[in-house]
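Please construct the entire structure, taking both the sequences and the accompanying hints into account.
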Amino acid sequence: MQKILLPIFAVFAALLTGAGLMLLAKTNPVTAYTALFQESLTTYFGFSDTLSKTTPLLLASLGILIALRAGLFNLGGEGQIYMGALGSVVVGLYLPNFPIWIH
Numbered sequence: 001m002q003k004i005l006l007p008i009f010a011v012f013a014a015l016l017t018g019a020g021l022m023l024l025a026k027t028n029p030v031t032a033y034t035a036l037f038q039e040s041l042t043t044y045f046g047f048s049d050t051l052s053k054t055t056p057l058l059l060a061s062l063g064i065l066i067a068l069r070a071g072l073f074n075l076g077g078e079g080q081i082y083m084g085a086l087g088s089v090v091v092g093l094y095l096p097n098f099p100i101w102i103h
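Counting in my numbering, the sequence shown tops out at residue 103, every number present.
A few of these clues could be false.
[As the list claims (entries may be wrong)] Taking lysine to any residue pairs in the SDA-like style, the calculated list, with each CA pair at most 20 Å apart, reads:
#1 K53 - L16
#2 K3 - A13
#3 K53 - L86
#4 K53 - L41
#5 K53 - S40
#6 K3 - S61
#7 K53 - Q80
#8 K53 - Y33
#9 K53 - L36
#10 K53 - M83
#11 K53 - S88
#12 K53 - G79
#13 K53 - I81
#14 K3 - G20
#15 K26 - L16
#16 K53 - I64
#17 K3 - L65
#18 K53 - G63
#19 K26 - A14
#20 K26 - L36
#21 K53 - E39
[Claimed, not checked] Computed spacing ranges between beta-carbons, pair by pair:
#22 T27 - G76: 33 to 39 Å
#23 K26 - S61: 32 to 38 Å
#24 L6 - P99: 41 to 47 Å
#25 L95 - F9: 30 to 36 Å
#26 A32 - S61: 45 to 51 Å
Because the hints were derived from the structure by calculation, they are not lab data.
The structure displayed is predicted, hence computed values, not measured ones.
Glycine included, C-beta positions come from ideal geometry on N, C-alpha and C.
Written as structure tokens, this is what we have:
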């Protein structure tokens with residue numbers, strides 16, 4: 001039960017912190033959160049944009065998780081994303097005859 005409650009508490013704490021910052025900026029948090037969730041989950045463009053922006057973060061966190069499970073600590077998730085992008089550009093430039101799904 002505690003394994004479930006801790007992440008739920010963290011999400012609510014983040015939402016409350018964001019709402020507090022919005023109130024300091026004299027913005028209505030209910031309107032902002034409503035627009036955020038409606039646009040990102042109910043429209044086709046919003047949902048595809050959400051997926052395309054969260055995929056690299058999920059892959060980086062998966063790489064960090066593998067290192068943590070092995071007993072190591074990995075601080076280079078963001079740099080690994082950039083190096084992977086650079087590597088894919090180099091492969092795309094120097095091997096142009098590869099099928100498009102490899103690029």
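| K3 and A13: Cα distance at most 20 Å? | holds (16 Å)
| task | For the pair we were handed, K3 and L65, check the Cα-Cα distance against 20 Å. | result | holds (17 Å)
| task | Decide if the proposed pair is consistent with the structure: K53 and S40, CA atoms, cutoff 20 Å inclusive. | result | holds (11 Å)
| Holds or violated: are the alpha carbons of K3 and S61 at most 20 Å from each other? | Judged against 20 Å, a Cα distance of about 19 Å means the pair holds.
| For the pair supplied as a hint, K53 and L36, is the alpha-carbon distance within the 20 Å limit? | holds (15 Å)
| request: With respect to the beta-carbon atoms only, verify the hint that K26 and S61 lie 32 to 38 Å apart. | output: Holds, since K26 and S61 (Cβ atoms, about 34 Å apart) stay within the stated range.
| field | Pair hint outcome, K53 versus L86 [Cα-Cα no greater than 20 Å] | value | Holds: K53 and L86 sit about 18 Å apart, inside 20 Å.
| Between T27 and G76, does the beta-carbon spacing fit 33 to 39 Å? | holds (35 Å)
| query | Is the straight-line distance between the alpha-carbon of K53 and that of L16 20 Å or less? | reply | Distance ~23 Å between K53 and L16 Cα, so the pair is violated.
| said: Given the hint of 45 to 51 Å, is the C-beta distance from A32 to S61 inside that range or not? | reply: 26 Å Cβ-Cβ, so the 45 to 51 Å window is violated.
| query | Is the Cα-Cα distance between K53 and I81 20 Å or less? | reply | holds (13 Å)
| field | Restraint check for K53 with E39, where alpha carbons must lie at most 20 Å apart | value | holds (14 Å)
The structure does not agree with the numbered hints 1, 14, 25 and 26 stated previously, though it agrees with the rest.
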